[in-house]
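**Student:** The primary structure of each chain is shown beneath.
Protein chains: 4
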Amino acid sequence: MSNKISVGILGATGVVGQRFIQMLERHPWFEVAWLAASDRSEGKTYAEAAKWRLRTAIPPAVASMKVSPAIPDGAPKVIFAALDASIAAEMEPRFADAGCAVVSNSSALRMQSDVPLVIPEVNGGHIKLIDVQGWRKKSGGFVVTNPNCSAIGLVLALVPLHQRFELDTVMAVTMQAVSGAGYPGVASLDILGNVIPFIRNEEEKMEEETRKLLGQLNGSKVIPGAFAMSAQCNRVAVEDGHTESVSVRLKTKAKADEIIAAWSSYRAEPQELKLPSAPERPVVYLSASDRPQPRFDIDLGAGMTTAVGRLRPCGVLDWKFTVLSHNTIRGAAGAAVLNAELLKAKGYLG
Amino acid sequence: MSNKISVGILGATGVVGQRFIQMLERHPWFEVAWLAASDRSEGKTYAEAAKWRLRTAIPPAVASMKVSPAIPDGAPKVIFAALDASIAAEMEPRFADAGCAVVSNSSALRMQSDVPLVIPEVNGGHIKLIDVQGWRKKSGGFVVTNPNCSAIGLVLALVPLHQRFELDTVMAVTMQAVSGAGYPGVASLDILGNVIPFIRNEEEKMEEETRKLLGQLNGSKVIPGAFAMSAQCNRVAVEDGHTESVSVRLKTKAKADEIIAAWSSYRAEPQELKLPSAPERPVVYLSASDRPQPRFDIDLGAGMTTAVGRLRPCGVLDWKFTVLSHNTIRGAAGAAVLNAELLKAKGYLG
Amino acid sequence: MSNKISVGILGATGVVGQRFIQMLERHPWFEVAWLAASDRSEGKTYAEAAKWRLRTAIPPAVASMKVSPAIPDGAPKVIFAALDASIAAEMEPRFADAGCAVVSNSSALRMQSDVPLVIPEVNGGHIKLIDVQGWRKKSGGFVVTNPNCSAIGLVLALVPLHQRFELDTVMAVTMQAVSGAGYPGVASLDILGNVIPFIRNEEEKMEEETRKLLGQLNGSKVIPGAFAMSAQCNRVAVEDGHTESVSVRLKTKAKADEIIAAWSSYRAEPQELKLPSAPERPVVYLSASDRPQPRFDIDLGAGMTTAVGRLRPCGVLDWKFTVLSHNTIRGAAGAAVLNAELLKAKGYLG
Amino acid sequence: MSNKISVGILGATGVVGQRFIQMLERHPWFEVAWLAASDRSEGKTYAEAAKWRLRTAIPPAVASMKVSPAIPDGAPKVIFAALDASIAAEMEPRFADAGCAVVSNSSALRMQSDVPLVIPEVNGGHIKLIDVQGWRKKSGGFVVTNPNCSAIGLVLALVPLHQRFELDTVMAVTMQAVSGAGYPGVASLDILGNVIPFIRNEEEKMEEETRKLLGQLNGSKVIPGAFAMSAQCNRVAVEDGHTESVSVRLKTKAKADEIIAAWSSYRAEPQELKLPSAPERPVVYLSASDRPQPRFDIDLGAGMTTAVGRLRPCGVLDWKFTVLSHNTIRGAAGAAVLNAELLKAKGYLG
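Protein chains in written order, with our numbering: chain A, 192 to 541; chain B, 192 to 541; chain C, 192 to 541; chain D, 192 to 541.
Simulated from the structure, these hints should not be mistaken for laboratory data. Just to be clear, a hint being listed does not mean it is correct.
In silico contact screen, one side only, chain A against chain B (beta carbon under 7 Å); selected entries [unchecked claim]:
| # | residue |
| --- | --- |
| 1 | VAL386 |
| 2 | ALA428 |
| 3 | SER436 |
| 4 | THR513 |
Quick list of in silico lysine to aspartate or glutamate cross-link-like pairs, EDC-like style, CA-CA up to 20 Å [stated by the list, open to error]:
| # | chain 1 | residue 1 | chain 2 | residue 2 |
| --- | --- | --- | --- | --- |
| 5 | B | LYS242 | C | ASP481 |
| 6 | B | LYS242 | C | ASP490 |
| 7 | D | LYS235 | D | ASP264 |
For glycine and all other residues, C-beta sits at the position ideal for the given N, C-alpha and C.
For reference, chain A alone in the conformation it holds in the complex:
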């Protein structure tokens, strides 16, 4: 019998839910033991319920698993949640209340002051916020969240600069993949030969989440990062991988080679702890003049590495560069799995 930790997945049939299943297939610590999705799926096997949209096959053990009702009764104590925000707002507290560790990819609770919003390489220390959560005190349950798929790649590229040179100003324009909108998500009639210059609430999320992630934990709350920030979000005809054109002003002036060194040498707790899903290098700088590109570079570090390229002076701020991150791995399922690994390493998963 396996002595892995049993985990459940809320929203198991969606694009991110599928990535959870794919990433957990051979996970050394966790084992998928329970799946829930919308009422429509209940009682079906996972293979019947999910319109599987990944290139690897559904893991056989999961394919035949029955989809459970989305209630804490009978669910494992560790829950990965990949729910729409409106549903998550109700359901995640219910599971935390029932004593579950809810590792969430949803935006619903990210900005709640007692909920940690965490990228393990950036602000793993914020996990301590768990200790002030009412759920934790009552039942032992808690909620930890990871950021939006467009924020996470950006913040991984920013954190080495922020630590060494301190950010003054950040401007980011995104070109986001359609998988970020889930399934069915973006209609083909909307995106073939097109750019959609609008993603609901996305710019707001990028701006506030970036500041919370790069903020300082101060007792029971996070003081947001003090830099100025502006984001513009666009959808493009790309399957996977969010590309971002970024400009920054730094408080301590830095040369190009110092910036590249900051990225290249960046390592953090997940690398030191050798967490199973941690990439060897959180950030890789590509020196080719026309990289990173989503079609060719999203699989770096098994989709967990953020690629940066095209560093050059900015005529307005100090420097500009391009960032690329896999939006459903590093930007969603992988983000949550790495959060769970950090929780485990820190003793929060019992």
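Assemble the complex: chain A is given as a structure, and chains B, C and D must be docked to it using the hints.
**Tutor:** Chains B, C and D only, in chain A's frame:
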């Protein structure tokens, strides 16, 4: 017999050359009488030489026209030039020297101090630079240029703001269509499901051309606009239409409705003169939350109107918004045709 | 006051409904006076209710029109129907029963023995089936249908061959545009970089509709065409335009130039009657070795002409060739409008 | 020191050359020791010369390898050739003449009567043709070829049917990926939102190669398969993976389950010999109603398995179905590597 002005086209078989032919098919003032392309095409009929890539048919009169050698001998006195920069650098001076009015879409001479870089709605007055050109003095010939396809949409969106509120800072990130790279241009293997975050020399052109276009003519030279500017250029899987995410800081603070009014009410010399290719409105603001989009909005004003949308406050500069412009009409062939119309109206075409 | 015939549109907000509105904007005989869509849209203006997906603007008169409930009460006597089959099956009979001329694009009633399935250039005479309809006898109302978007282009290419050489066998493989699936229709995650080798019920429709269209009206029923037929249907990443690879065996052997002549010279009743939406030429043969192509050839005859190309001998049947047809114009809205024009010309619209 | 067989690659920088390098990176028997490409690349390192277009990185040992002149002098005795046909026609004989085993992906010599055209799972016995080659007798060198990328998937799907039920007639319509045209290959302006119904010489190759592959070796020549065959070839906006809509008539009538059993149980010499690149199953039948699809199914068997689906009765022939094959792995580089493995197993590589 027609009393239209005979015009020739240099680079007639390329993507922009084809647009010239399409736009001039029923032009009230100009008539295509001569076509030149690379040596390979010489002596063939146009229909044989060109790989026609437009939805409308080749105009019959042009289809059967022989492609001439690219020399001034036998060419008309008005020449539209759609040449690669390296070829244009040699060939455009040769035609100007021989007495031709060269209306160029190439980047080769745009930044030369005695060559006007003109958008008729923006800086038609710069045309006077012609009078200081050596070619003009010698043979009567001259060169007038229009800007890069990514600069022109941007500058049309900026000029109403610059005139009323004065620009302090401009940041632009482009998502450019593949037709901007000519034919065969971008390989399908490079762009399907992809974003290419690099277009050679494009950012430099956008930055310096924008300043020259919004600069002041002072005797025999143009004093560039004094604002700060930074551009980042990306290629996306769109056939036609460059989309840009723009942020600006203005010297005179303005409210959203004042900015929208500045765009909506903007009219200039081409509209007053009712030039045949001038759109009724150079700039149109779209109020839908997710527009403009290249698939749906590039044909506004028959491809000559710049669409703007999504005006909202910027967390770093003052305002941010999205700009869309048809890159091979307003951004290339249409730009040159409108320049020629302005030249005619001002008596420069004899 | 206009003396045009007032018409209504059922399913006015969908992809085909929008094409109806676009095609009827300046129609000489018909005028849109009434719009209905799903309950959700009721009471809104059309501009609010429809997610308009065409490049031309919503006609102003239609934009401000209120969406009516989908009931015959208050509806005009001529109804264009662009409903999903399951809804059409109930709703079209209700309108016919109430005395309306229902000109339908839906598949619901196409194969019903007393319902004419008509392409005016192919089998306009089948319209007489109206006279045996129970609705007609009771209230004067009736239903006329046009074929599936993939059948119509094929049949227009086949009819000149069938009339001169008689079809023995037809094989067709389609590569269909996403607009054929309506909106939102095909998810972008399903079609970017992909081919979907399945469209529900499409092959069955193509096979049986082709035979009914090329069948003989015999009193109160149509004897289907006697040729063998097989269709395979695929979805590809194209916005508009269904492309088909076709092979045929003919009962009378024909040479290539005879076949091309049959296509090129084909004219029928709509051309003789000069119906407003009839293309000058129903079928055009393109001689270039790599045409027709959807991006360049779907607008022939304002989207009403079927393009054929690449005629060459087939190693199994006699001849093979490629067919292209605009699926939302000739294949849907335009088909119905042309049917209505034929009905008017024949006195069926009062 | 490695005791692997040193191999060289002709045309190493192209799309197929890159796949060779990727597939040979950890090959148990072969080791890339020599690379040649066009003159332009000569003397550069491979990393400088190649525009690498794959998601995995260039193997470090290859990245720093110098590109050699394309002459037999100094080349290894085993050569993988990925050349354009016109160049291959000259160069492959030159290497064979110099004693090299040329394992070619080019079409130049495929139909030459003494050159084996081989798919190891289909007609491995044809390799004996080598023995009648003049090169072989003179220098020990020889040429072996693999079929066109569109033929190979088809023939793998046909061979189980041909062996059990004998083919009478085959019709195939392809929807081919752009990578099949090499790099830069298909221009993005030609394929975005489009289908191109023409690939030069492709239909001819499919028809004649299929017959040669399914033919009988009779002494020094191959008697082509006697079935009727017709192919139509289209290019679609897919990066990798050729999809084909196929119809067949069989001499021995078969039921659906017999046909599926024929595919599912098919094994051949490469499976028995456990050749390193042989897929466990050459053909897999997918039972989902809408598969195979290139985006999701091309990686089956590491790109070496042909996927088949949608078996259903054909209204003209007996059965129709969809075939999918990875065009640059099973259809090109992988085909040649498997041929080389078979040659090695049979003692032809010394």
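**Student:** Taking the hints in turn, state whether each one holds.
**Tutor:** Hint by hint, here is what the structure shows:
1. VAL386: Result: holds, 5 Å to nearest chain B Cβ.
2. ALA428: Holds, because the Cβ-Cβ distance from A/ALA428 to chain B comes to roughly 5 Å (cut-off 7 Å).
3. SER436: Check passed: Cβ of A/SER436 comes within 4 Å of chain B, closer than 7 Å.
4. THR513: holds, 4 Å
5. B/LYS242 / C/ASP481: Given pair B/LYS242, C/ASP481 holds - Cα atoms ~11 Å apart, limit 20 Å.
6. B/LYS242 / C/ASP490: Holds - the C-alpha atoms of C/ASP490 and B/LYS242 are around 18 Å apart, at most 20 Å.
7. D/LYS235 / D/ASP264: Distance ~18 Å between D/LYS235 and D/ASP264 Cα, so the pair holds.
Every hint, counting from the list given before, is met by this structure.
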